Amino acid sequence: MNIFADNGYIEPVTDRVTKEECNACHFAFPAMLLPQASWRKILENLENHFGEDASLDSQTTQHISQYLASRSGDAGSTPSKFIWGLDNEDPPIRITETEYWIEKHPHISEEKLKSGLAGLKAICTVCHLRAVNGVYKYE
Amino acid sequence: MKPIVILTTFIAFSLVGSLRAGELNELINHYAALAKTQDALFDGFDVGRGKSLYITKSLDGKKDTPSCTTCHTNDPTKAGETRAGKTIDPMAASASPQRYQSLKKAEKWFRRNCKSVLGRECTVTEKGDFLTYMKNS
Chain A
7 MNIFADNGYI EPVTDRVTKE ECNACHFAFP AMLLPQASWR KILENLENHF GEDASLDSQT
67 TQHISQYLAS RSGDAGSTPS KFIWGLDNED PPIRITETEY WIEKHPHISE EKLKSGLAGL
127 KAICTVCHLR AVNGVYKYE
Chain B
3 MKPIVILTTF IAFSLVGSLR AGELNELINH YAALAKTQDA LFDGFDVGRG KSLYITKSLD
63 GKKDTPSCTT CHTNDPTKAG ETRAGKTIDP MAASASPQRY QSLKKAEKWF RRNCKSVLGR
123 ECTVTEKGDF LTYMKNS
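Residue numbers (the working numbering), protein chains in the order written: chain A, 7 to 145; chain B, 3 to 139.
Since the hints were made in silico from the structure, they are not lab data.
Mixed in with the good hints, there may be bad ones.
Straight-line Cα separation of at most 27 Å, DSSO-like style, residue types lysine-lysine; simulated pairs [said to hold, decoys possible]:
1) 107/B - 25/A
2) 25/A - 64/B
3) 64/B - 47/A
4) 143/A - 88/B
5) 25/A - 38/B
6) 80/B - 25/A
7) 25/A - 110/B
8) 110/B - 59/B
9) 64/B - 38/B
10) 137/B - 80/B
11) 107/B - 64/B
12) 88/B - 64/B
13) 110/A - 88/B
14) 110/A - 143/A
15) 53/B - 64/B
16) 80/B - 47/A
17) 38/B - 80/B
18) 88/B - 38/B
19) 38/B - 53/B
20) 25/A - 110/A
21) 88/B - 106/B
22) 47/A - 88/B
23) 106/B - 25/A
24) 38/B - 137/B
25) 53/B - 107/B
26) 47/A - 107/B
27) 65/B - 47/A
Here the structure is a predicted model, which means the values were calculated and not measured.
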């Protein structure tokens, strides 16, 4: 399957170690949704991972780092649409800060999030019921 | 004195090897052996101290995780939830009998979560107290 195609499919994390470690606390976000620079920034600061210490031994960190880089949004010859317009000098560490995500989710307003749905943005699977299989078509 | 320290250290390391098929008791024994090497007056772990460690709020850690209960709830027999919305199996051994089988896993989560909540690593005594509380919950 063409992982760049606009058919609502985004390749889920396929690497066992990466899936296991990320998934211990949250949905394992697809590597493609961020550029290498973002993943590097995240992996280099696991001690302060969105308010928690998520550090791993260096071997595991290295492994995950390599996997995410190899499948990141700019791993292919053409950058994926998910990372268009991002500043590599100051890469985002939240998928929800990418232009693509913001443009695609106008219905998830700040107002809604403040009214008790805080944290919703981190849980793709609340709305994308089959995201674990890579299916993001709005259902 | 020295041979005793060496022997106890040897026992502690031997226990690590046998934990794969082990249970929570073996994990607690491991920390007890370690505690004895650090403090000759060590007289066992304590459920009350473990509970206190579990529920007490700390100001020294990360602000989003003031205590264990932030994610694990006040009742260790109940399922918890990570800040990112994932369900966490209960911590109590009675509710999650399969949880405590690996020293490596225990050490990984103590390191991370003690740093998140307390802003430092937990002592051997704190780890043993915590596990003793979970064993009795």
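query = Holds or violated: are the alpha carbons of residue 88/B and residue 64/B at most 27 Å from each other?
reply = 19 Å, holds
query = Holds or violated: are the alpha carbons of residue 137/B and residue 80/B at most 27 Å from each other?
reply = Status holds; Cα separation ~14 Å.
Pairwise hint evaluation, residue 25/A against residue 107/B, where the allowed Cα distance is 27 Å at most = Holds - the C-alpha atoms of residue 25/A and residue 107/B are around 16 Å apart, at most 27 Å.
task = Decide if the proposed pair is consistent with the structure: residue 25/A and residue 38/B, CA atoms, cutoff 27 Å inclusive.
result = 38 Å, violated
Pair hint outcome, residue 106/B versus residue 25/A [Cα-Cα no greater than 27 Å] = With Cα atoms ~18 Å apart, residue 106/B and residue 25/A stay inside 27 Å; holds.
Straight-line alpha-carbon gap residue 80/B to residue 47/A, limit 27 Å = 35 Å, violated
query = Is the Cα-Cα distance between residue 64/B and residue 47/A 27 Å or less?
reply = 20 Å, holds
query = Taken at face value, is the distance from the CA of residue 64/B to the CA of residue 53/B at most 27 Å?
reply = 20 Å, holds
ask   = Are the Cα atoms of residue 25/A and residue 64/B separated by 27 Å or less?
value = 25 Å, holds
key: Straight-line alpha-carbon gap residue 25/A to residue 110/B, limit 27 Å   = The given pair, whose Cα atoms are some 17 Å apart, holds under the 27 Å limit.
ask   = Taking 27 Å as the top limit, are the C-alpha atoms of residue 110/B and residue 59/B close enough?
value = 21 Å, holds
inquiry  = For a C-alpha distance cap of 27 Å, please report whether residue 47/A and residue 107/B respect it.
reply    = 25 Å, holds
Checked against the numbered hints given earlier, this structure breaks hints 5, 9, 16, 17, 18; the rest are met.
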